[in-house]
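Sequence lines, in order, name chains A and B. First residue of the first sequence? That's 1 in our numbering, and the numbers climb one at a time after it. First residue of the second sequence? That's 1 in our numbering, and the numbers climb one at a time after it.
Hints were generated in silico from the structure; no laboratory data involved. Model, not experiment: these values are computed from the prediction. Just so you know, even glycine gets a beta-carbon here, dropped at the ideal spot from N, CA and C. Among the hints, a few may not be true.
Stated by the list, open to error - Heads up, simulated DMTMM-like pairs for lysine to aspartate or glutamate below, C-alpha to C-alpha not over 20 Å straight-line:
(1) A/Lys-11 / A/Asp-78
(2) B/Lys-86 / B/Glu-178
(3) B/Lys-161 / B/Glu-178
(4) A/Lys-7 / B/Glu-249
(5) B/Lys-86 / B/Glu-16
(6) A/Lys-11 / B/Asp-26
(7) A/Lys-11 / B/Glu-16
(8) B/Lys-86 / B/Asp-26
(9) A/Lys-11 / A/Asp-46
What the hints assert, rightly or not - What the simulated footprint calls covered on chain B by chain A, stretch by stretch (three residues with Cβ under 8 Å from a Cβ of chain A suffice, anywhere in the stretch; the number is not a length):
(10) 216-223
(11) 243-252
As the list claims (entries may be wrong) - According to the in silico footprint, chain B covers these stretches of chain A (three or more CB under 8 Å from chain B):
(12) 22-36
(13) 66-80
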Amino acid sequence: MKGLLRKVPGKLSETAIDDEIVVMSLDSGDFFSLTGTGRSTWLLIDGSRDRAALIAALATEYAADAALIAPEIEAFLDELGAAGLIESG
Amino acid sequence: MLAAMTEPRSPRQTMELIARETRLRDAPVPLGLGERTAAPDRWLLHGGEFLLRTASGFGFHYQPGAGIAVERPDGADPAEEALWIKGSVYAAVASINGLVPLHASAVAHAGHVFAFTGPAGMGKSTLAAGLARHGLPLFCDDTLLLDLADPARIVGLPGHKRLKLTAEALALTGAIAEAEVGADTAKFYARPAAGECTEPLALALLVFLEDGEEPRWEDLRGAARFARLEDDHYTQALYLAAQRPDRAELFALRARIAGQLPMARLVRPRSAEGFAASLDLAAERIRGWSIEQQGAGV
Numbered sequence: 001m002k003g004l005l006r007k008v009p010g011k012l013s014e015t016a017i018d019d020e021i022v023v024m025s026l027d028s029g030d031f032f033s034l035t036g037t038g039r040s041t042w043l044l045i046d047g048s049r050d051r052a053a054l055i056a057a058l059a060t061e062y063a064a065d066a067a068l069i070a071p072e073i074e075a076f077l078d079e080l081g082a083a084g085l086i087e088s089g
Numbered sequence: 001m002l003a004a005m006t007e008p009r010s011p012r013q014t015m016e017l018i019a020r021e022t023r024l025r026d027a028p029v030p031l032g033l034g035e036r037t038a039a040p041d042r043w044l045l046h047g048g049e050f051l052l053r054t055a056s057g058f059g060f061h062y063q064p065g066a067g068i069a070v071e072r073p074d075g076a077d078p079a080e081e082a083l084w085i086k087g088s089v090y091a092a093v094a095s096i097n098g099l100v101p102l103h104a105s106a107v108a109h110a111g112h113v114f115a116f117t118g119p120a121g122m123g124k125s126t127l128a129a130g131l132a133r134h135g136l137p138l139f140c141d142d143t144l145l146l147d148l149a150d151p152a153r154i155v156g157l158p159g160h161k162r163l164k165l166t167a168e169a170l171a172l173t174g175a176i177a178e179a180e181v182g183a184d185t186a187k188f189y190a191r192p193a194a195g196e197c198t199e200p201l202a203l204a205l206l207v208f209l210e211d212g213e214e215p216r217w218e219d220l221r222g223a224a225r226f227a228r229l230e231d232d233h234y235t236q237a238l239y240l241a242a243q244r245p246d247r248a249e250l251f252a253l254r255a256r257i258a259g260q261l262p263m264a265r266l267v268r269p270r271s272a273e274g275f276a277a278s279l280d281l282a283a284e285r286i287r288g289w290s291i292e293q294q295g296a297g298v
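Here chain A stands alone, though its shape is the one from the complex (with noise of 0.2 Å):
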């Protein structure tokens, strides 16, 4: 299967303080402070899941809509990959 998401081996740290993750590139010293569906974005990337699998997870956790959660999801995705902290293969 294609286009599966997946944090970046080596590239980051991560740790959980209270309901919050902090993540930091490696490369560039960014932090990225994750919260609410951020947080669960962050979670669902485990190399299980291409982008339209993890919107649909998203949509039943939050009960929402898949089509209008997807471009905010989207560019949170982007974001991070932006960043060099996940990819798809």
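Let chain A serve as the given structure and place chain B on it in line with the hints.
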């Protein structure tokens, strides 16, 4: 085959180690370390050794296992020497031996440490000493050494510095003046009114002191705790120079502290009334913490 299990160093053993490593001896002190020469009042850390040469002529050189070599200028001021040794030199020895120095003053309550941090002049010492008015003994002044050997908890080592307060802070806190600090500091060594704790204890809370109009307490949650440790005010230059952690190691250190140590902000005005109110607020929260812990069966 069974692998040998190594017990982490206990806080008591760590205290004994630091006591051994900070023993002083009169001995020649080098002008530099490695290829670098020490500039006046600027420390050097190289190959696990520490060197400091002061503009006033003191020299301090630490080598692991050999303690601290001291060179004194003619007419050396013992008050100044004590400040250097209990300040940068002690923090360097602690850092080289794996402790994390935090710029904080702290009190003890219910077998735990409650620490107050902030930039220089923010009132850390005065607040910690003032909590004696609520019966809380002082744990440390100005520098809190964190022992991270036990992965399950963060332990603070009791203070190695004598409490130093201005005349105004003495009046505010009820601490008893013992001697002038000297070395042009305009401070007094003082005995806190509720005594001092000398046992290593687990940390319960780290409070960031801030100026503001009204006394206010705000718990810090999530990434805000992590971000606080990124603040330049609290960067531990000596620890970073001694341990040279890479980005991932530094992240792991801050993640551990942020994850294991509850944090809060204490905002208060700089006035006698504001000080009294902030003492009441801090004491109430500290006592409230121990009541919560008892309720949770901890």
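Each hint, compared with the structure:
A hinted pair counts as satisfied when its Cα atoms are at most 20 Å apart, and A/Lys-11 with A/Asp-78 qualifies at roughly 16 Å. A distance of roughly 18 Å separates the Cα atoms of B/Lys-86 and B/Glu-178; the hinted pair therefore holds under the 20 Å criterion. Taking the CA atoms of B/Lys-161 and B/Glu-178, the gap is near 14 Å; set against the 20 Å cutoff, the hint holds. With a CA separation close to 19 Å, the supplied pair A/Lys-7 and B/Glu-249 stays within the 20 Å bound.
Taken as a hint, the B/Lys-86 and B/Glu-16 pair is honoured in the structure, with Cα atoms around 16 Å apart against an allowance of 20 Å. Proposed proximity of A/Lys-11 and B/Asp-26 is contradicted: the alpha carbons are some 49 Å apart, above 20 Å. Between A/Lys-11 and B/Glu-16 the CA atoms are separated by roughly 40 Å; this puts the pair beyond 20 Å, and the hint is violated. At most 20 Å may separate the alpha-carbon atoms for a hinted pair to count; B/Lys-86 and B/Asp-26 meet this at roughly 17 Å.
Simply put, A/Lys-11 and A/Asp-46 have alpha-carbon atoms about 15 Å apart, close enough for the 20 Å limit, and the pair holds. Counting residues of the stretch 216-223 of chain B whose beta carbon lies closer than 8 Å to any beta carbon of chain A gives 3, which meets the minimum of three for the stated coverage. Residue count for the stretch 243-252 of chain B with a Cβ under 8 Å from a Cβ of chain A: 4. That meets the three needed, and the coverage hint holds. Coverage of the stretch 22-36 of chain A by chain B holds [criterion: at least 3 residues with CB-CB distance below 8 Å; count 7].
Counting residues of the stretch 66-80 of chain A whose C-beta lies closer than 8 Å to any C-beta of chain B gives 0; at least three are required, and the coverage claim is violated.
Of the hints listed earlier, those the structure fails to meet are numbers 6, 7, 13, in rising order.
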